[in-house]
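*Asks:* The chain contents come next:
4 protein chains.
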Amino acid sequence: MSSAFGNCIKISIFGQSHSEAIGVVIDGLEAGFKLNTDEINSFMKRRAPGQNAVSTPRAEADEFHIISGVVDNITCGAPLCAIINNTNTRSKDYSKLKEVPRPAHSDFPAFVKHSGFNDIRGGGHFSARLTAPLCFAGAVCMQLLEKENIFIGAHISSIKDVHDSDFDMVSVSKKEIEALKKSEKPLLNQKIWPLMEETILNAKSQGDSVGGIIECACVGLKPGIGEPMFDGIENRISQAIFAVPAVKGIEFGRGFESAQLFGSENNDAFYFDGEQVKTKTNNHGGILGGLSSGMPIVFKAAFKPTPSIAKEQDSVNLTAGKNEKLNIEGRHDPCVVLRAVPCVEAATAIAVYDLLLENSR
Amino acid sequence: MSSAFGNCIKISIFGQSHSEAIGVVIDGLEAGFKLNTDEINSFMKRRAPGQNAVSTPRAEADEFHIISGVVDNITCGAPLCAIINNTNTRSKDYSKLKEVPRPAHSDFPAFVKHSGFNDIRGGGHFSARLTAPLCFAGAVCMQLLEKENIFIGAHISSIKDVHDSDFDMVSVSKKEIEALKKSEKPLLNQKIWPLMEETILNAKSQGDSVGGIIECACVGLKPGIGEPMFDGIENRISQAIFAVPAVKGIEFGRGFESAQLFGSENNDAFYFDGEQVKTKTNNHGGILGGLSSGMPIVFKAAFKPTPSIAKEQDSVNLTAGKNEKLNIEGRHDPCVVLRAVPCVEAATAIAVYDLLLENSR
Amino acid sequence: MSSAFGNCIKISIFGQSHSEAIGVVIDGLEAGFKLNTDEINSFMKRRAPGQNAVSTPRAEADEFHIISGVVDNITCGAPLCAIINNTNTRSKDYSKLKEVPRPAHSDFPAFVKHSGFNDIRGGGHFSARLTAPLCFAGAVCMQLLEKENIFIGAHISSIKDVHDSDFDMVSVSKKEIEALKKSEKPLLNQKIWPLMEETILNAKSQGDSVGGIIECACVGLKPGIGEPMFDGIENRISQAIFAVPAVKGIEFGRGFESAQLFGSENNDAFYFDGEQVKTKTNNHGGILGGLSSGMPIVFKAAFKPTPSIAKEQDSVNLTAGKNEKLNIEGRHDPCVVLRAVPCVEAATAIAVYDLLLENSR
Amino acid sequence: MSSAFGNCIKISIFGQSHSEAIGVVIDGLEAGFKLNTDEINSFMKRRAPGQNAVSTPRAEADEFHIISGVVDNITCGAPLCAIINNTNTRSKDYSKLKEVPRPAHSDFPAFVKHSGFNDIRGGGHFSARLTAPLCFAGAVCMQLLEKENIFIGAHISSIKDVHDSDFDMVSVSKKEIEALKKSEKPLLNQKIWPLMEETILNAKSQGDSVGGIIECACVGLKPGIGEPMFDGIENRISQAIFAVPAVKGIEFGRGFESAQLFGSENNDAFYFDGEQVKTKTNNHGGILGGLSSGMPIVFKAAFKPTPSIAKEQDSVNLTAGKNEKLNIEGRHDPCVVLRAVPCVEAATAIAVYDLLLENSR
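Protein chains in written order, with this note's numbering: chain A, 46 to 406; chain B, 46 to 406; chain C, 46 to 406; chain D, 46 to 406.
Just so you know, these hints were derived from the structure itself, not from any lab.
Please note: incorrect hints may appear among the correct ones.
[As the list claims (entries may be wrong)] 25 angstroms max Cα-Cα, derived SDA-like pairs, lysine to any residue:
#1 C:143 to A:111
#2 A:143 to C:111
#3 C:325 to D:365
#4 C:323 to D:373
#5 A:249 to B:314
#6 D:192 to C:160
#7 D:370 to C:307
#8 B:236 to A:305
#9 B:141 to D:77
#10 C:192 to B:405
#11 A:192 to D:53
#12 C:79 to C:52
#13 A:141 to C:119
#14 A:323 to A:307
#15 D:141 to B:117
#16 A:323 to B:139
#17 C:367 to D:323
#18 A:192 to A:221
#19 B:323 to A:368
#20 B:143 to A:321
#21 D:325 to C:160
#22 B:219 to B:236
#23 A:143 to C:77
#24 C:325 to D:160
#25 A:143 to C:75
#26 C:323 to D:369
#27 A:141 to C:116
#28 D:192 to A:404
#29 D:323 to C:160
#30 B:367 to A:320
#31 C:230 to D:302
#32 C:249 to D:314
#33 B:143 to A:316
[To be verified] Taking beta-carbon pairs under 8 angstroms as the criterion, some of the chain A residues facing chain B (in silico):
#34 205
#35 257
#36 275
#37 301
Ideal Cβ positions, reconstructed from N, Cα and C, are used throughout, including at glycine.
Chain A extracted, bound-state conformation (with noise of 0.2 angstroms):
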């Protein structure tokens, strides 16, 4: 049990990628709040697979459906249930992927785990297509946020061994956010897509994969935020962060770069900018013992390349009992990071509403 989270808003996220539909359940959000479903619509689009060359054909709308919580769209206080529903679901046999697990999925562990009753097709409730609930739910804690005055976005970092700048963490705005949702693609030097798509194409011409890097901001978040110790913006953030499939590794501010640093220089010198306490530097990503600092939290998520290839590749039969070479056939991404990029920014906004929401009390 697991697929819940939050302690003041509760996000409860359920089906499996070929059952009738997924959808997710928000309990504990404020009545009188307007939703902006065409907003909510722009932003699950992002994550919509069969948009562009570098992801998988399946193309589905991702059209949710709001069933409960709110009248004309207005949250009336009674939990949200959004429904999204599967639809271009491939009726192809499945029996052989139970038996063969393909390598990096979640298959043979969640074999073992429910006794090979699990859902296999598409990877059943591992699925990245679980992300799409996700989103939903994210894209209702970022108007909620925004209403706050707190924005957060995010852009590709790397893909493999192709980068974009950074942020910089002293400085990035709700300016600099808004404008990278509205560039092309996310990124902060636009010009460095097409080598990233020349890498993707590469490799998926030879059916091969490719992972990268993801940063997102948080901005306008006043200082004081957050928990002390299992419940500070890092373990909260971190928890809905491994929450999006692929993702490796987590680092805050300058991450594992500080671990190479003397305390002098890390350490981020505070100072007045008018009646406000400000950091010159913010090597600490916005948070300090877990609490926000009143500066940007900016973090990085590493995701490993996208587990379905299509070249052939070692595995065992769980039936049969011997090792056996398996094929993939089927659709898939041969990068989830461009896709990926809304589900760090909803499972970021979901984090941060919550916290935001214990500490309004």
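Given the coordinates of chain A, assemble chains B, C and D onto it according to the supplied hints.
*Replies:* Relative to the frame of chain A, chains B, C and D by itself:
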């Protein structure tokens, strides 16, 4: 609120650096388990201060005192509470610290969060001293895990730019982990210690501090443990590890490096080793889809340099509303990494044991 | 936030009386369990409206639709979501109700709580209609309990001043419970129904309503299930039962009567029945110190009369800020007790199954 | 696991009757609140044993000791831990009790639950002594509630068949509650005490015990507090109240009596009292749909007679596997009701304060 962790066991940590005592309540322990208090003592001694040249001279025995939950050191099913007295607190004046927050510490956001009522003495509830009860709880969980043949051990992967060897993620074993715990320093390559020590003492002599990286392994966990989405092993270990002060990043398996690999390089091929399914490589760090694969779980955590340094720093005076220079007095570790090794093991033990229980129904 | 229940399974209920649909997410179900959907249907039919003269004429099939969590009706370990469409909603104007709250309903406090944004149509999320997903979840838990030889059944103990016999708390058995479910009405003494019906119809004919008491038994629970203090069986069943609208009291075993007894009368003597420890009487209702004793669990829940009555009532106009007479139109049960019997069983099944799982680690 | 309560504050109670100490951790308290420790002491003295002829002669001061969470008795935002030492424990041999469980006590199911490892001394964690930390936590919450003009008070409604007057559920006020706390015994009609005392002492003289009923009121709660379904005020108060040993029933407002009324009798008509919406009667006990209506919250809890009696009783020898007579020695209350009054108030304060916080976001 947040100093609690766990779904099946509940670890609730309390206390401030200079309160009368600190401690922990562990609820949900099975009855009939004989605690090995000597082993708990040894474990906690690894964290205790004042033991060598690279540690703070604040010498406290960190003696725990179990006040409930056991009869003759055998758990009785009631919540276990252990107390550690704060004996060696200096009664100096801390009021200055409240006014002038230490860079890279929780002082400033804690002041804002608690409207100035936070206990500033020694960092209060945000102090690294709170890892003592964390280690107590971790030591208890570790004993329960060892009963199930699950072993957890960590070593210093690096201090600043001095690196130990890495675990062989495929072959790291109980034997290796136990050897590590018996060795003088938690290092795979003992010969590297003098260089690490020199790095630390050099920084210290300049009134500075250094950070580093800890690598941790957990072996013996059968496949299928963990929960989808928000309660996968990565999610839960991350949530626990970021409770250790100074952690700024975490990565599982190849982590950030995997973002630079092709899928065909990163995917770990399955094969049968007798009747057991294994992978030839372990880039996934023992976790697929949030679930254990049966391979060793391996991760790295990055620690920033100790924020408390002797060098003068720029800060602000919150009362006076103006910038002010800060000179930190008191006793501090020039590098927390050595003492953080058991903390990382403890946090991991708590997270893994909780998930194990959740999967034992 | 609160429409969720359970530590080991999570029941999350959503929907409003007149939203597009209502439903429930059940997280934490073991994989590999074949749902008997016919039995779930039969169970839910006992709650469904429009089936006889003493029930509301709002006729809805209450057909559930499982949209996730199963493959061929076998649980797959993913959260199970079931939807029940709201088909027979009348599109009349509810705006008046928001202004003039119905006495003994949630209308007024819900209006205040949600700043007037609550969904007033049919009582919104506070409607008794939400017991349909509760019954679905209860029916699923009941099937899982029956696999463990644990059986739950309830009967109408009284309608106003017409009383059925009581369970023999010592001897009530699976056989008796099953007979009860097959009988036309949930009564130990079928002959009492005409009197009960007459009482209800008399009230109805006068535009009035009546309440009653339901007695529920759970047999087959082995001793030692439950948790100390806040999560004892009484605590958890109470928390679940008060989720059924109109419940105003609950008592276990001899309940309020035991307050009038001597200890020597109320204490239940232990004896060996073969190898099994039993008690000669069962004044404790199967629960000692919050834990199951192995004797049948027996409790009673008191239901107030249906708040919606045809008689004119005194109320207030919240907009106009003055007193106003209220005449409630619409379709209402003159007595909810009959339809509440499966709701009580369902709430009990959820509470007991959750505690059983918690004790199965 | 279960000795914890609360969503917004977390009360975690630990200890056994004869462990070194008992205590409580309260997480989630706002910083900057000055505790009135004298008042807490007075409150706890009402529960403490050995104070009069109708109480157990086990005399313990029940002195609490706050070891964390405050600076100069002002909350600092860190979890507050308070300890109460167990000083007057008799070191007699309890091994017999483990073999021969006391009727109506938790001994037998606790033995089964914890495989014989339960702490049997004085009832262990199931002892009524654990209400001391409950009262401490309740006293803290009560002070926080009083700051919001919310007041909680209870009185003995009956001892066996001797009855006090009942609260006027419409008019019960802060003034009445405060008068009650200052009166010698918690009774609306002080003159009834001699009869109650006589009833208790008569039972005691015969080696027997008696039970009774406590009525509790909470005034000052504004409308709209509470959560739908499982976290309504009735649900949460019930969950908390059943943590007090010996409670076997609870009813809100007219409770079981309302099951015998017509809707037209039971419904409470709304009217405007100035600008405030009130009800003319308060059969609903201040709770509609789980939410506060603004009227006083009133409920009754039934206590069974003290299980420990001097009379010889029938029991079993679990080791020998045969029936055995039991004569209980030791010091016991012939009636727990008097000392349970502050416990009921404390449990109510915790439940109400937690819901208040949940509604304050």
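*Asks:* Each hint needs a verdict: does it hold in this structure or not?
*Replies:* Okay, the hints, checked on the actual structure:
1. C:143 to A:111: Between residue 143 of chain C and residue 111 of chain A the Cα gap is close to 23 angstroms, so the pair holds against 25 angstroms.
2. A:143 to C:111: Roughly 23 angstroms between the alpha carbons, so the hint for residue 143 of chain A and residue 111 of chain C holds.
3. C:325 to D:365: Roughly 19 angstroms separates the two Cα atoms, so the pair holds.
4. C:323 to D:373: Measuring from Cα to Cα gives roughly 20 angstroms; hence the hint holds.
5. A:249 to B:314: Answer holds: residue 249 of chain A to residue 314 of chain B is near 20 angstroms, not above 25 angstroms.
6. D:192 to C:160: Judged against 25 angstroms, a Cα distance of about 24 angstroms means the pair holds.
7. D:370 to C:307: Holds, at roughly 19 angstroms.
8. B:236 to A:305: This hinted pair holds, its Cα atoms lying about 20 angstroms apart.
9. B:141 to D:77: holds (19 angstroms)
10. C:192 to B:405: holds (19 angstroms)
11. A:192 to D:53: holds (24 angstroms)
12. C:79 to C:52: This hinted pair holds, its Cα atoms lying about 23 angstroms apart.
13. A:141 to C:119: This hinted pair holds, its Cα atoms lying about 19 angstroms apart.
14. A:323 to A:307: Cα-Cα ~21 angstroms, so holds.
15. D:141 to B:117: holds (18 angstroms)
16. A:323 to B:139: holds (23 angstroms)
17. C:367 to D:323: holds (12 angstroms)
18. A:192 to A:221: Roughly 18 angstroms separates the two Cα atoms, so the pair holds.
19. B:323 to A:368: holds (11 angstroms)
20. B:143 to A:321: holds (17 angstroms)
21. D:325 to C:160: Roughly 24 angstroms between the alpha carbons, so the hint for residue 325 of chain D and residue 160 of chain C holds.
22. B:219 to B:236: Given that 25 angstroms is the threshold and the Cα spacing comes to 22 angstroms, the pair holds.
23. A:143 to C:77: Holds: residue 143 of chain A and residue 77 of chain C sit about 15 angstroms apart, inside 25 angstroms.
24. C:325 to D:160: holds (24 angstroms)
25. A:143 to C:75: holds (18 angstroms)
26. C:323 to D:369: holds (13 angstroms)
27. A:141 to C:116: Satisfied, since the Cα-Cα distance of roughly 16 angstroms is no more than 25 angstroms.
28. D:192 to A:404: holds (20 angstroms)
29. D:323 to C:160: holds (18 angstroms)
30. B:367 to A:320: holds (9 angstroms)
31. C:230 to D:302: Holds: residue 230 of chain C and residue 302 of chain D sit about 24 angstroms apart, inside 25 angstroms.
32. C:249 to D:314: Given pair residue 249 of chain C, residue 314 of chain D holds - Cα atoms ~20 angstroms apart, limit 25 angstroms.
33. B:143 to A:316: holds (15 angstroms)
34. 205: At 6 angstroms from the nearest chain B Cβ, residue 205 of chain A passes the 8 angstroms test, so the hint holds.
35. 257: holds (5 angstroms)
36. 275: Residue 275 of chain A check passes; min Cβ-Cβ to chain B is 4 angstroms, inside 8 angstroms.
37. 301: Since the shortest Cβ distance to chain B is 4 angstroms, the answer is holds.
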